[in-house]
Structure formats: C-alpha cells, structure tokens
Amino acid sequence: DARVTQTPRDKVTEMGQEVTMRCQPILGHNTVFWYRQTMMQGLELLAYFRNRAPLDDSGMPKDRFSAEMPDATLATLKIQPSEPRDSAVYFCASGLADRGEAFFGQGTRLTVV
Amino acid sequence: QKEVEQNSGPLSVPEGAIASLNCTYSDRGSQSFFWYRQYSGKSPELIMSIYSNGDKEDGRFTAQLNKASQYVSLLIRDSQPSDSATYLCAVGAAGNKLTFGGGTRVLVKP
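Chain order of the listed sequences is A and B.
Each position in the first sequence, counted from 1, maps to that position plus 875 in our numbering.
Each position in the second sequence, counted from 1, maps to that position plus 153 in our numbering.
The shape of chain A in the complex, shown without the other chains:
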C-alpha cells in the first residue's frame, strides 16, 4: 500500500528551538509538496519540488524556514528558530508531474509554546 510517510506525527517544542519535519514520498513520484494548514488560513503551499529541484518556495518565510530534498526518498522542512505562530499541521504530499495530483501524508502537528 503506497503512501506518503511523515515524521514525527506530533511535535511540541519551545519557542526558539529548531524543528525538523521529514517526509518519504511515494516511490516513483517526482513532485513533492509541503503545505501548512491552520483554521484561519486553510491549506497554504509552502514549497514544492520536481525531480528534487525546488520549483517554488515563495510561500515560506525565508528567514526561518528551509526545505530540501537530499535524495528522492527524503524531503525535509526545517524551522529555525520556531515561533508560536508556526503552530499548525504541516503536510507533505507527492505526485506525478504529468498528472498534477498530490497524495497526502498524515501530517505533522506542530505546537510551539
């Protein structure tokens, strides 16, 4: 059963700490997305990659967020330093570029206190 895997599922951290979220896309998928979901803003696109190359990261606060794909099986999203306003559910999704669709992981619920 192919699925996107995200770790950790839940993270509580103190303001100012570094947070790293990891994602294993579905094998063979060449597009990876990072989204953030809050009640107020809904699903916001933070960044996305095709064939491991970043295509658009305009949705991310550049001073504190970074997204990378060290290899085809791993995508990471880092926040340093974290702030309470970063509290949200972060989703990773993957898909095939010629289809345009995205399949979501279970998300990481981040709480910054």
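If you're looking for bench data, these hints aren't it; they were derived computationally from the structure.
Check before you lean on any hint, since a few could be wrong.
[Said to hold, decoys possible] SDA-like, lysine to any residue: derived pairs with alpha carbons at most 20 Å apart: (1) B:K155 x A:S933; (2) B:K195 x A:Q981; (3) B:K250 x A:L921.
Guided by the hints, dock chain B onto chain A, whose structure is given.
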C-alpha cells in the same frame, strides 16, 4: 481575490439528497482540477480529478468543469452521513503548482 474560492458552508444536506459544491479559480492557464475530502483531524484524500471540460462520474461523485467560466463543481448523489466532511477544491497551474481553496464543510443529516 483568492486564487481558488469556495463557499465555506456549512452545506446541510438531508440523507439521500444531492450535495452540490462549487469552486471558482482565477488563473486561466490552470490545467488540472481536483476535489479532496478531509475528515476532521485527518489528511486530505483525493476523490476526483478532472482535466477537460464536461462531466466526469465516479460512483456517487460527479465533477463538472467549465474552463471558460473558470468554474468547477462536485455533485454527491445519495448523500450519506459518512460524506460529512470538508471538501477542498484544488487547481493545478503550469509547473504543477497546486493551490487549494478554503474548503466547504458538508453536513449530511440522517
């Protein structure tokens, strides 16, 4: 103006009736259109994809696309309480950028 707009609802539908959800988008160059279902506390789940004008049916779901009007809709026939969820419209632009609407909450009442 948001790139993808949906009525937030809630859309209250009697069990067995048809639920009709609407979505408009601003980018005329959009190429792919999707409907996702999201239960509370869960991740979005892809339920329909549509790429060309017209209707596409899959079980109790029908997606309708009108590119000239920049409009995509979802019909849920014979609505069941298990259909109660938030339905998200997503639009894919050139370069595979996938943008979501705010979602429509649907409540199916027995």
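Here's how the hints hold up against the structure:
| no. | hint | in the structure |
| --- | --- | --- |
| 1 | B:K155 x A:S933 | holds (16 Å) |
| 2 | B:K195 x A:Q981 | holds (7 Å) |
| 3 | B:K250 x A:L921 | holds (11 Å) |
Violated hints are absent here; each numbered hint is respected by the structure.
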